[in-house]
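Protein chains: 2
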Amino acid sequence: MGEFELIERFFAKSAKRSDVVLGIGDDAALLTPPDNHQLVVTTDTLVEGIHFFADIPANALGHKSLAVNLSDLAAMGAEPRWATLAITLPSARMSWMEQFCEGFFELAEYYNVTLVGGDTTRGPLSLTITAQGVVPNGQALTRSHGQIGDWVYVTGFLGGSALGLKHLQGQQKLTSEQRSTLLNLHYYPQPRVLSGYGLRGVASSCIDISDGLLADLGHLAKASGCSAKIQVEQLPVHPLVESLCSPEEAIALALCGGEDYELCFSVSEENKGALEVALSYSGVHYHCIGQLVAGDEPVRLYQGKEDYHLSGFRSWDHFYSS
Amino acid sequence: MGEFELIERFFAKSAKRSDVVLGIGDDAALLTPPDNHQLVVTTDTLVEGIHFFADIPANALGHKSLAVNLSDLAAMGAEPRWATLAITLPSARMSWMEQFCEGFFELAEYYNVTLVGGDTTRGPLSLTITAQGVVPNGQALTRSHGQIGDWVYVTGFLGGSALGLKHLQGQQKLTSEQRSTLLNLHYYPQPRVLSGYGLRGVASSCIDISDGLLADLGHLAKASGCSAKIQVEQLPVHPLVESLCSPEEAIALALCGGEDYELCFSVSEENKGALEVALSYSGVHYHCIGQLVAGDEPVRLYQGKEDYHLSGFRSWDHFYSS
Numbered sequence: 001m002g003e004f005e006l007i008e009r010f011f012a013k014s015a016k017r018s019d020v021v022l023g024i025g026d027d028a029a030l031l032t033p034p035d036n037h038q039l040v041v042t043t044d045t046l047v048e049g050i051h052f053f054a055d056i057p058a059n060a061l062g063h064k065s066l067a068v069n070l071s072d073l074a075a076m077g078a079e080p081r082w083a084t085l086a087i088t089l090p091s092a093r094m095s096w097m098e099q100f101c102e103g104f105f106e107l108a109e110y111y112n113v114t115l116v117g118g119d120t121t122r123g124p125l126s127l128t129i130t131a132q133g134v135v136p137n138g139q140a141l142t143r144s145h146g147q148i149g150d151w152v153y154v155t156g157f158l159g160g161s162a163l164g165l166k167h168l169q170g171q172q173k174l175t176s177e178q179r180s181t182l183l184n185l186h187y188y189p190q191p192r193v194l195s196g197y198g199l200r201g202v203a204s205s206c207i208d209i210s211d212g213l214l215a216d217l218g219h220l221a222k223a224s225g226c227s228a229k230i231q232v233e234q235l236p237v238h239p240l241v242e243s244l245c246s247p248e249e250a251i252a253l254a255l256c257g258g259e260d261y262e263l264c265f266s267v268s269e270e271n272k273g274a275l276e277v278a279l280s281y282s283g284v285h286y287h288c289i290g291q292l293v294a295g296d297e298p299v300r301l302y303q304g305k306e307d308y309h310l311s312g313f314r315s316w317d318h319f320y321s322s
Numbered sequence: 001m002g003e004f005e006l007i008e009r010f011f012a013k014s015a016k017r018s019d020v021v022l023g024i025g026d027d028a029a030l031l032t033p034p035d036n037h038q039l040v041v042t043t044d045t046l047v048e049g050i051h052f053f054a055d056i057p058a059n060a061l062g063h064k065s066l067a068v069n070l071s072d073l074a075a076m077g078a079e080p081r082w083a084t085l086a087i088t089l090p091s092a093r094m095s096w097m098e099q100f101c102e103g104f105f106e107l108a109e110y111y112n113v114t115l116v117g118g119d120t121t122r123g124p125l126s127l128t129i130t131a132q133g134v135v136p137n138g139q140a141l142t143r144s145h146g147q148i149g150d151w152v153y154v155t156g157f158l159g160g161s162a163l164g165l166k167h168l169q170g171q172q173k174l175t176s177e178q179r180s181t182l183l184n185l186h187y188y189p190q191p192r193v194l195s196g197y198g199l200r201g202v203a204s205s206c207i208d209i210s211d212g213l214l215a216d217l218g219h220l221a222k223a224s225g226c227s228a229k230i231q232v233e234q235l236p237v238h239p240l241v242e243s244l245c246s247p248e249e250a251i252a253l254a255l256c257g258g259e260d261y262e263l264c265f266s267v268s269e270e271n272k273g274a275l276e277v278a279l280s281y282s283g284v285h286y287h288c289i290g291q292l293v294a295g296d297e298p299v300r301l302y303q304g305k306e307d308y309h310l311s312g313f314r315s316w317d318h319f320y321s322s
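Protein sequence lines correspond, in order, to chains A and B.
Start counting the first sequence at 1; every next residue gets the next number (full-length UniProt numbering).
Start counting the second sequence at 1; every next residue gets the next number (full-length UniProt numbering).
Treat each hint with caution, since some may be false.
Because identical chains share one entry, a pair is satisfied inside a single copy or across any pair of copies.
[Unchecked claim] With a cut-off of at most 25 angstroms between alpha-carbon atoms, the simulated SDA-like pairs for lysine to any residue come out as follows:
#1 Lys16 <-> Pro136
#2 Lys16 <-> Thr32
#3 Lys16 <-> Ser144
#4 Lys16 <-> Asp35
#5 Lys229 <-> Gln291
#6 Lys13 <-> Asn112
#7 Lys222 <-> Gly295
#8 Lys16 <-> Ala223
#9 Lys16 <-> His145
#10 Lys16 <-> Asn36
#11 Lys222 <-> Gln291
#12 Lys16 <-> His219
If you are wondering where the hints come from, they were derived from the structure by calculation, not from laboratory data.
Bear in mind that the values here come from a model prediction, so they are computed numbers and not experimental data.
From just these sequences and the hints, can you work out the full model?
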């Protein structure tokens, strides 16, 4: 089977949105954007040995590679619409591709995202997805409009994905039930797309947590010209992380573990009421963890009224030379 | 230097179009598309050892990785506007990145393309670019609207890039002047963006030649439900290919060598006059090489009135198992 038949067979089966004039099969895709909307575009690469182990289930890889991109769109308050997938594979294994596509298209169809372009190449396994969405003019959420005094929130629970990873690395024993819960968090992150819609007009700034809360909130605070004051006792640590780890380790995983793909956002005092209504639609848990204050330090940690010191942990950074 | 500083330092220096509300630096880019236009989106990956040798000049790689994507946009008649770049690198070498960016941004700025997103990862060298353009509603060129009786054209000259590659593979001796000309074609393909604009409303179908004229014209003919009848003596073989190769090899390189990144398109009898006006603006050479006819065979080759048989050559296909 040649490359072209491979692409046709696996990638052309995406359901086609009505705004997709031409999908896969021409030199480029042809799309009709809605009037009075802006485009939101993001791209993410996953590389074997860096972002996932060689033995990751293909279905999980299909899900996760799209989910991390949809998470970025969610952080902008965008409605996801289209994606392109560039996949580099050591060989064209049919059963692997079938499972990969199953994971990819299940998530794509849930959010009505059409795969509109692809490129298939032979080489070391890696995936690059570019996802696009739209947002009504002027309503996008950004990192940079947080104000001093705004409250800092985070959706969901933190640290579960990182503890799942520790288990895969042989550093954490788990029962089969715990394993199933934590690997599900690690392999199948749920992008907070509906929360992102809800936060339009309510949150003053927003970011998704892929590199860990500490690093990503730091980016938000820096972009907003503020400092984030965080109470570690208010962090929504995942219950299994709480029960399996020491208090210090639990806080470290929640702050620096990474790959939670939750949204971290700021809300002004006067919008706190609107927030409750806004997020009730998406059914997501969310917690206030601190406040934006004046200062140069991106994030400052407190336990009660005392400074909290975190040591020995570092955020995810591929080029960090330690 | 961390990953984030690396990205900021090298990728944030792109000139910013006025329709880029947010470029690199947030979770996603925010773009304002023009009214009454459609979006054109394409993605292409280049992998070391498959698409280029490890010793390719970084400047050339920067140019070529963007050029191959702009060539796809050109084939749709689109005006390029935005690009994202996912780059996987074994290590963060500063001088290499500087040269890569020089090649990339020189071409980007020539066509007023803004880099709006990026992802930098550690791993085996590969690049995935997603390029986006716009085209007035309903004016995109496609592969599938060629009609029986339409004339088949190709821009530029063929086979030069492939002969440059043969030299790099040690299979073709060249003088230093010949080497410079042919490696320039191989490393610095010029996307036919202006020709693509000109062909809107004039060509009935269009495709870019990346995999070789024979394969790509075959895709066009198949998508249009026609067969392409090609006169090999009318092929615009590059003069150096003509002078350095046997007649058979010259024709084979022109048909199957690949990586010419010229446009192949069809024009109806009544639009032949309009074509001359349309392409005079872009100053590109173009030649009529045959005609779309009824039939099942995607491409049929003739030399004069006789069938022409090509053997021992095959188009570019990563997963072709020979």
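Quick rundown of the hints versus the structure:
In this assembly of identical chains, the alpha carbons of Lys16 and Pro136 lie at most 25 angstroms apart whether taken from the same copy (22 angstroms) or from different copies (22 angstroms). In this assembly of identical chains, the alpha carbons of Lys16 and Thr32 lie at most 25 angstroms apart whether taken from the same copy (13 angstroms) or from different copies (24 angstroms). For the homomeric pair Lys16 and Ser144, the shortest alpha-carbon distance between copies (18 angstroms) is at most 25 angstroms, but the shortest distance inside one copy (35 angstroms) is not. In this homomeric assembly, Lys16 and Asp35 come within 25 angstroms of each other (Cα to Cα) both inside a single copy, at 20 angstroms, and across copies, at 23 angstroms.
For a Cα distance limit of 25 angstroms, the shortest separation of Lys229 from Gln291 inside one copy, 5 angstroms, qualifies, whereas the shortest one across copies, 71 angstroms, does not. Taking CA atoms no more than 25 angstroms apart as the test, Lys13 paired with Asn112 passes inside one copy only; the shortest distance there is 13 angstroms, against 35 angstroms between copies. In this assembly of identical chains, Lys222 and Gly295 lie within 25 angstroms of each other by CA distance solely inside one copy; the values are 10 angstroms within and 64 angstroms between copies. Taking the closest pair of Cα atoms, Lys16 and Ala223 come within 25 angstroms of each other only across two copies (19 angstroms); inside a single copy the shortest separation is 37 angstroms, beyond that limit.
Taking the shortest Cα distances, Lys16 and His145 sit within 25 angstroms of each other only across copies (21 angstroms), while inside one copy they are farther apart (36 angstroms). Taking the shortest alpha-carbon separations for Lys16 and Asn36, both the intra-copy value of 22 angstroms and the inter-copy value of 21 angstroms come in at or below 25 angstroms. In this homomeric assembly, Lys222 and Gln291 come within 25 angstroms of each other (Cα to Cα) only inside a single copy, at 14 angstroms, whereas the closest approach across copies is 61 angstroms. Only between protomers do Lys16 and His219 lie at most 25 angstroms apart by alpha-carbon distance; the minimum there is 22 angstroms, versus 36 angstroms within a single protomer.
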